[in-house]
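Q: These are the residues of each chain, in order.
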Amino acid sequence: MELQQRIEEAVKSLPIISITILAFFFGLSLTVLADEGIAPAGSPSIQETAGQDTSGEKLPEENPPAESAKPEAAEKSVLGSVPVDPAVLAGGTVAKLPKLPHASMQEFVKYMKNERKEDEKFLELRYKRGNSLIRNKDLYREKEIRAFLMTPREKFCRKWNLKRAYDHAFLDIGHGVTISGPHLVGRMTSAIDVQPTDRVLEIGTGSGYQSAVLSYLTDQVFTIEIIEALAGDTDKLYTELAGSGYPEYAKIKRKADDGYYGWEEFAPFDKIIVTCGIDHIPPPLLKQLKIGGIMVIPVGPPGAQILLKVTKNKDEEGNFVIAREDIYHGRKKVPFVPFTTKEGGTHFK
Amino acid sequence: MMQTITPDEHDPLSLSTCLAVALVSGAIIAYELFVMRVFANGGWSHFGSTVISIAMFGFGFYSTALCIWKEYFKKRLRPWVSASLLLLGPAMAIANSGAQKVPFNPIFLVSDPAQKYYLAAYFLLYFLPFLLGAMFLGLFFLMGQRDFGKAYFANMTGSGIGGMAIFGGMYCLLPERLFLIPVLLWVCGAVLWLKSRGSRKELALLAVSALLTAAVGLYFPQINVSQYKGVSYARNFPDAHRVYESASPFGYLEVYSSSYFHFAPGLSDVAMLYLDKMPEKAYLGMYIDGDGPVGLMKKLSESEAEYLEFLPMSMPYLLKKAAEVLVMQFGGGISTNVALDMGARHVTVAEGNPMVIEALRDRNFVSRFTGAVLENPKVRLIQNEGRIYVGQTEEKFDVIDLSLADSTGLSMSGGSSIYEKYTYTKETFLSCMRALRKDGLLAVTVWNKEDPPKSTLKLMNTLIRAAGDARNTKDVRDAGNVREPSEGPDEIRHDFFIAHTYLSTLTVLYKKGGFSDDEVLRLRKYCKRMSFETIYFPGCPAPKGSLDRLFGAYVNAYFAPQENEALGEEVDMSAGSLYRHVVERFLSGDFKSVEKGYVFNVDALTNDRPYFAGFVKFPDIPRFVDKLEAISDEWGYLLLWATLLLSVLFGLALMLLPLIFGSKAFFSRRSGKLSVILYFLCLGVGYILVEIGMIGKTVLCLGNATVSVAVLVTGMLVFSGLGSYASGRFASRAGSTMIVVCSSLAVVLFLYAFSLDRLFELAGSWPYAARILFCLLLLFPPAFLMGFPFAIGMVTLSRLQKERFFVWAWGINGSFSVAGSVLAPVIAVSFGLSTVIVISALLYLVALPSFFRLRMPERQAG
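Listed in order, the protein sequences are those of chains U and G. Last residue of the first sequence: number 349 in this note's numbering, and the count goes up by one each step with no gaps. Last residue of the second sequence: number 1211 in this note's numbering, and the count goes up by one each step with no gaps.
Hints are supplied without guarantee of correctness; some may be wrong.
To be verified - The calculated lysine-lysine pairs, modelled on PhoX-like cross-linking and capped at a C-alpha distance of 25 Å, are:
hint: 1; chain 1: U; residue 1: LYS314; chain 2: G; residue 2: LYS626
hint: 2; chain 1: G; residue 1: LYS874; chain 2: U; residue 2: LYS287
hint: 3; chain 1: U; residue 1: LYS110; chain 2: U; residue 2: LYS128
hint: 4; chain 1: U; residue 1: LYS99; chain 2: U; residue 2: LYS128
hint: 5; chain 1: G; residue 1: LYS630; chain 2: U; residue 2: LYS287
hint: 6; chain 1: U; residue 1: LYS255; chain 2: G; residue 2: LYS1151
hint: 7; chain 1: U; residue 1: LYS255; chain 2: U; residue 2: LYS117
hint: 8; chain 1: U; residue 1: LYS290; chain 2: U; residue 2: LYS251
hint: 9; chain 1: G; residue 1: LYS626; chain 2: U; residue 2: LYS290
hint: 10; chain 1: G; residue 1: LYS499; chain 2: G; residue 2: LYS423
hint: 11; chain 1: U; residue 1: LYS251; chain 2: U; residue 2: LYS113
hint: 12; chain 1: G; residue 1: LYS745; chain 2: G; residue 2: LYS670
hint: 13; chain 1: G; residue 1: LYS423; chain 2: G; residue 2: LYS550
hint: 14; chain 1: U; residue 1: LYS255; chain 2: G; residue 2: LYS941
hint: 15; chain 1: U; residue 1: LYS99; chain 2: U; residue 2: LYS137
hint: 16; chain 1: U; residue 1: LYS128; chain 2: U; residue 2: LYS155
hint: 17; chain 1: G; residue 1: LYS626; chain 2: G; residue 2: LYS874
hint: 18; chain 1: U; residue 1: LYS121; chain 2: U; residue 2: LYS99
hint: 19; chain 1: U; residue 1: LYS128; chain 2: U; residue 2: LYS159
hint: 20; chain 1: U; residue 1: LYS121; chain 2: U; residue 2: LYS163
hint: 21; chain 1: U; residue 1: LYS314; chain 2: G; residue 2: LYS874
hint: 22; chain 1: U; residue 1: LYS163; chain 2: G; residue 2: LYS450
hint: 23; chain 1: G; residue 1: LYS626; chain 2: G; residue 2: LYS647
hint: 24; chain 1: G; residue 1: LYS499; chain 2: U; residue 2: LYS159
hint: 25; chain 1: G; residue 1: LYS630; chain 2: G; residue 2: LYS647
hint: 26; chain 1: U; residue 1: LYS117; chain 2: U; residue 2: LYS314
hint: 27; chain 1: G; residue 1: LYS450; chain 2: U; residue 2: LYS159
hint: 28; chain 1: G; residue 1: LYS423; chain 2: G; residue 2: LYS544
hint: 29; chain 1: G; residue 1: LYS670; chain 2: G; residue 2: LYS647
hint: 30; chain 1: G; residue 1: LYS626; chain 2: U; residue 2: LYS287
hint: 31; chain 1: G; residue 1: LYS941; chain 2: G; residue 2: LYS966
hint: 32; chain 1: G; residue 1: LYS550; chain 2: G; residue 2: LYS424
Simulated from the structure, these hints should not be mistaken for laboratory data.
With the rest of the complex left out, here is chain U (with noise of 0.2 Å):
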C-alpha cells in the first residue's frame, strides 16, 4: 500500500519534475549566460589603413594614410559632469533646444516630465542607459548626451518588447528588423561627429530611432528605407510625433526606396549611416560622400558588430583616399559591449 501510494505520488510529481528539470537546466544554460556577468568583449579595436602596403618602399602612386578623426576621451564618465560642446550651442536647430539639466536624475525627470510629458518610469530609464552608456565610452560628447536624453526610444519600440526599451539589447521590430540597441546607436552617433550644418544620411530607416537621435545634432537628416510597410509605419509614426511634442521629427525627410543608390537629390552628404547588409560599400553612396566625409558601418553578427569607419579624403596630389578603420582607429582597446551595469540586475535591465 505504501509502495502504490509512493508511485501514485510519483506519477503526480513526475511532470513537475521533468518540467523543473528542464527549466533549470535551460535557467542554468541561458539565463546565466544572459546574466549580469556578461562581458562580452567584442572585438578589440582596430585601425586599418586601405591600401598599405608592407614593403615599407615606395610604390608609384603611393597614398599617405588618410586622415582619421580621433574621438576624443571622456574627461569624465557620468551623466551631468561631461563638458559642455561649444560648437553644440553655436548654432542650428541644436541651441534652440533648450539647455537640458542632467546633473542628476532627479532633476533630469522632472525637467522632462514638465517639459514633454513622458514617462517617469522610461525617464529613469533612459537616463541609467545614458550613464552606461558614457562608462562604456559609447557616448563621450555634451551634444550626443543630450540627444540621446531627449530621444524617447520607448516610442520607437514595439508593443510586445516596450518593457525592454533601454535593456542592452537590439529589440525585434517586426519585418525582420530589428532596433539596434541603445550602445551601437550611442556608438554610431559619436562615430560621425555630426556637426550641426552638417548633411546626414541613414540607408536603413527601420525603427526611425537613429535619425531621431540625429535630428537633435542637425535640421538635415536623410533616412531611406527598402521595406515599403515598414517605411510606412516610421513615416506615420514620426508624424505623429511631430504633432504631440516633438516637431524635430517633422524635419527628418524620409522615402521609401532601394538605400543602394543613395539620395541623389540632396547629395553630396558629409555623413552616411548604413544600417543594412550588403557584401560591399556601394559605389553610389561613396560617390555622394563629402570630401573629408564620414561613413559608418555596422559588421558582423547582432550583438558583436564592428563598427566599420569609411572616410573619404584627398591626398596632396589631388587622388581621393578611400580608408577603412576601426571607430577607435586601432589605439583604444574598448570592448563594444559594456562589461556590466553597476546598478545592479542584468545588463540588459
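Following the hints, position chain G against chain U.
A: Below, chain G alone, put in the same frame as chain U:
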C-alpha cells in the same frame, strides 16, 4: 520458464504485426526528418537538431515510466498500445503546427529572457509525438521480448524505410507537404495493427484520428518562415517575384527577381572613381532552404562588365592571359564571368548541386537571364564537386579559382553550425596544387568579416601547410616546377601573395614555382590602385614588434580588457598587423606558436577535421560563457556543448529515476545494475558515434550532406535490423557470438578510421549511383555487426527474467544515443572524425566484459 506477458490471443510477432510496427517506426523517423526540414526552411537548422535531440528523450522518458510502472502497463497493454497509436498522428500534426506559432528566434536567445521559454515550448511540443511513439514501440518490445531480434528488426528496417520515404518524397513534394509522408506511414501502420486485432471500434476511432490529423496538418501552416530568414527579405522587396522553384533532397531552391539585388563581393572602394555606374538589375537572388542570396549574374554588356576588374577575383588574370581555368564552384557565376571577361581561353567549372545546374540549363527564365553561360562554347561543366573533380583529374590548369565557395560557412554571421568544409582542407589544396600547370596560380578568395580574424587565419594555416607538403609530395613536384626540398624552407616564401580589404574579403594567391619580381610589382600596384591592403608578398620585410605581446593583447581583449588600456603604441592590433605577424610565423614553419598563443583556435583544416567552426579553444569555453555575444558566430558549436550537457544530465536523471522512485525495492535486490548500465550505455553511444562519424566521412564521397545523411541513416538502420534478426539464430551461443562480433566490429572500425578517406577519394570520380552503392557496401559490415549486441543483450535479459532491466536497458540505450549524437561532432571538431570512429570501436570492446557480467543468473539479495 518465463511467464508470458502477451495481452491477447494474437501472436505479437506475426507478419502483419511486424509490418505495422515497421510502418509506425518509419513514420516516427520520417517525422523526425520532416521536422529537421521544417527547421532548415523556416528558421535555423542547428536549433532543429537540438530540439529533436532533446525531444527524442521521449523514448528515455517512457522507458523509465515503463520500468517503474511495468505491472500497471502490463495489465493494460492493449488500451495503452491502441491509445498511443491512435494519438500519434494528431500529436504529430498538433506539435508541428503549434511549434510554428512559437515566436522563438535564436538571434535574441541571449538578450531576450523570454526566448528560453519559447525554446522549452518547442521541446514540450515535439516531446509529445516522440513520447507516444516510444510508448507504442516500448510496449511492443515488451510483448515481443521472447524474440527481440525479430521485433527489433521490424523496428530498425521500418525506420530505415521511413528515412528513405522522406528522401524520395523530397524529390516530388515541397518541404511543407513532406508532412504527408509520416502521416501516411502512420495511417497504414495503424490500420494494419488494428485490423489484425479485429476491433471495429478502434478502426472507427482511427478514422476520426486520421481526419483530425489531416485537418490540422492541412489547415495550419506546417512551415512558418522566419522574417529573419534570407528569403523573407527578398519577399519584402517591392518588385520581387519568384521566377523559379524546385525541391529535391539537395534542398528547396527558389530564385527571385528584383532590382534590389546588388552583388559585388569584395568590390574595391575606389570603384566609384572609375565607374560611371554599377550595372542595374544584373542579378537574380538564389536561395536554398531559404538561405542566401547567392547572386546569379546576368550576361553583362562590355561597359557593364567593367566593374569585374574591381573585384579581387580578377587578380590571377593580371598575370595569366588566355588561361586554362578551373572554377571550383559555379555558385552564382561571378568567378566564371570574371574569368571569361578577363580573357580566359577556356573555363572548366564544377558544380555539385544538380538543382543549380538544372535551374541554369533548362532554357527557363533563369537560364535566359544568365545568358546560358553554362552553354558558352568556352565553358565546360563538371557535374561534381570541384574538390572531388580536382582530386581525380589528370588535367592541368593555369588558374584554379576558389572564390567564396560554400560562403555560408566562412565568416557568415548568425551562428554557423558544424558543417564539414572539405573544399578548404589541406588535402583539397594539395590536389589543386597538383592540378596546376608549371607556373600555375591557385587563387582563394574568402569573406573577411571577422575581427579578430579566425576563419581567415585557419585558411592561411591550411594553405601554407599544403604548400609545404606540396614541396615534399612527388606527384605535385612532378606536375610542375615546385622547388625541391633541398632548396630550403624559405623557398615557400616566393609562392604566396596575400591581400585583403578590412571587413570585406581576403585573397591568397599561390603560384607553383614562385612569383617573379615583375609579377610581384604588378600585383602590388594593382592592390595599391584598388585600395586593397597587401598582407604579404615575396621579399616583403618581416613585421616589427613582438608577436607574443600582440597575442597577449588579443587574449586580454576578452579576458582582461583593462590590461589593454595601458598598451603602448608599439602593439598594433590592426587586422593587417596580425596577419603579417602570423603569416611570417607560418612561412617560417612555426605553426605551433600561433596555434598555441592566439586567443582562438586557428588549426589547419584537414579531411579528418574539416571545420571552420569550433574556434573557441576547449579550455576557454567556461571563460566565454559570460561573453556569449562577443562570439555569436560560434553559437552553433557552443549549442552542441549545451545540448551535450543537457542530454547527459537528462540521460542520467532518467536512468536513475527507477532507482530513486518506485523500483527502488526491486533494484536494490537485483545484482548486475552496473553491467546493464555500462553495456547499454556503450552500445547507445557507440552506435551513434559510428553513424555520425561515417556520415561525416561519406560527405567526402557523396558531397551533399542531406544525401549522405539519407543514405547512411537508411543503410545503418536496415543493415543493423538484418543483424539483429540474424542474431536470433545465435541466441543459444550468445557468449562466443558476442566475442566474435565485438572483436570483428572493433577491427573493422579501426580499419575504417584510417582508410575510409582514401577509399572514398578513389571512388570520387565514379557515377553518383555507383558511389552511393559503394558507400552502402562499405557500411554493410559494421552496420550488420552492430545489430547483434543490442538484440543479444535484450534477449539475454529477457531469458534471465530480468524484465525490469529489459525496459530499463532500452531506455539507457536510447537516452545515451541522444547524448552520443551530440558528442560525435564535439569530438570531431576537437580531435577529428577518425577519433570518433576509434572511440566507437573501443566502446564495443568495453561492452564485451559487461555482457558476460550481465549474463550471470539472478542473485537475490537478502
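Q: Work down the list of hints and note, for each, if the structure agrees.
A: Hint check results:
Note on LYS314/U and LYS626/G: the hinted pairing holds, with a Cα-Cα distance of about 21 Å set against a maximum of 25 Å. For the hint linking LYS874/G to LYS287/U, the alpha-carbon distance of about 23 Å falls within 25 Å, and the restraint holds. This hinted pair checks out: LYS110/U and LYS128/U have alpha carbons roughly 15 Å apart, not beyond 25 Å. With a C-alpha separation of about 19 Å, the suggested pair LYS99/U and LYS128/U falls inside the 25 Å cut-off, and the hint holds.
Of the pairs offered as hints, the one joining LYS630/G and LYS287/U holds, with about 20 Å between alpha carbons and a cut-off of 25 Å not exceeded. Taken as a hint, the LYS255/U and LYS1151/G pair is broken in the structure, with Cα atoms around 75 Å apart against an allowance of 25 Å. Restraint check: the Cα-Cα separation between LYS255/U and LYS117/U comes to about 29 Å, which exceeds 25 Å; the hinted pair is violated. For a cut-off of 25 Å, the pair hint linking LYS290/U to LYS251/U stands: about 22 Å separates their Cα positions.
Distance hint between LYS626/G and LYS290/U is fulfilled; the C-alpha atoms sit about 18 Å from each other, no more than 25 Å. For a cut-off of 25 Å, the pair hint linking LYS499/G to LYS423/G stands: about 21 Å separates their Cα positions. Straight-line distance between C-alpha atoms of LYS251/U and LYS113/U comes to about 24 Å, which keeps the hinted pair within the 25 Å bound. A distance of roughly 16 Å separates the Cα atoms of LYS745/G and LYS670/G; the hinted pair therefore holds under the 25 Å criterion.
Between LYS423/G and LYS550/G, the direct Cα distance comes to roughly 22 Å. Compliance with the 25 Å bound is thereby established for this hinted pair. Annotation: proposed proximity of LYS255/U to LYS941/G is violated, straight-line Cα distance about 54 Å (limit 25 Å). Between LYS99/U and LYS137/U the CA atoms are separated by roughly 22 Å; this keeps the pair inside 25 Å, and the hint holds. Note on LYS128/U and LYS155/U: the hinted pairing holds, with a Cα-Cα distance of about 17 Å set against a maximum of 25 Å.
For the proposed pair LYS626/G and LYS874/G, the alpha carbon gap of about 24 Å is at most 25 Å, so the pair holds. A hinted pair counts as satisfied when its Cα atoms are at most 25 Å apart, and LYS121/U with LYS99/U qualifies at roughly 22 Å. Of the supplied pair hints, the one linking LYS128/U and LYS159/U holds, its CA atoms being roughly 21 Å apart against a limit of 25 Å. Distance restraint check for LYS121/U and LYS163/U: the Cα-Cα separation of roughly 10 Å lies within the 25 Å cut-off, and the hinted pair is therefore satisfied.
Note on LYS314/U and LYS874/G: the hinted pairing holds, with a Cα-Cα distance of about 19 Å set against a maximum of 25 Å. Among the hinted pairs, LYS163/U with LYS450/G is consistent with the structure: their alpha-carbon atoms are about 22 Å apart, no more than 25 Å. A hinted pair counts as satisfied when its Cα atoms are at most 25 Å apart, and LYS626/G with LYS647/G qualifies at roughly 16 Å. Under the criterion of a C-alpha separation no larger than 25 Å, the hint pairing LYS499/G with LYS159/U is inconsistent with the structure, at around 58 Å.
The straight-line distance between the Cα atoms of LYS630/G and LYS647/G is roughly 8 Å, inside the 25 Å bound, and the hint therefore holds. For the hint pairing LYS117/U with LYS314/U, the CA-to-CA distance comes to about 48 Å; that exceeds 25 Å, so the pair is violated. As the CA atoms of LYS450/G and LYS159/U are separated by approximately 18 Å, the hinted pair is consistent with the 25 Å bound. The straight-line distance between the Cα atoms of LYS423/G and LYS544/G is roughly 22 Å, inside the 25 Å bound, and the hint therefore holds.
Annotation: proposed proximity of LYS670/G to LYS647/G holds, straight-line Cα distance about 24 Å (limit 25 Å). Restraint check for LYS626/G and LYS287/U: satisfied, since their Cα atoms lie roughly 10 Å apart, inside the 25 Å limit. Between the alpha carbons of LYS941/G and LYS966/G the distance comes to roughly 14 Å, so the proposed pair stays at or under 25 Å and holds. Taken as a hint, the LYS550/G and LYS424/G pair is honoured in the structure, with Cα atoms around 21 Å apart against an allowance of 25 Å.
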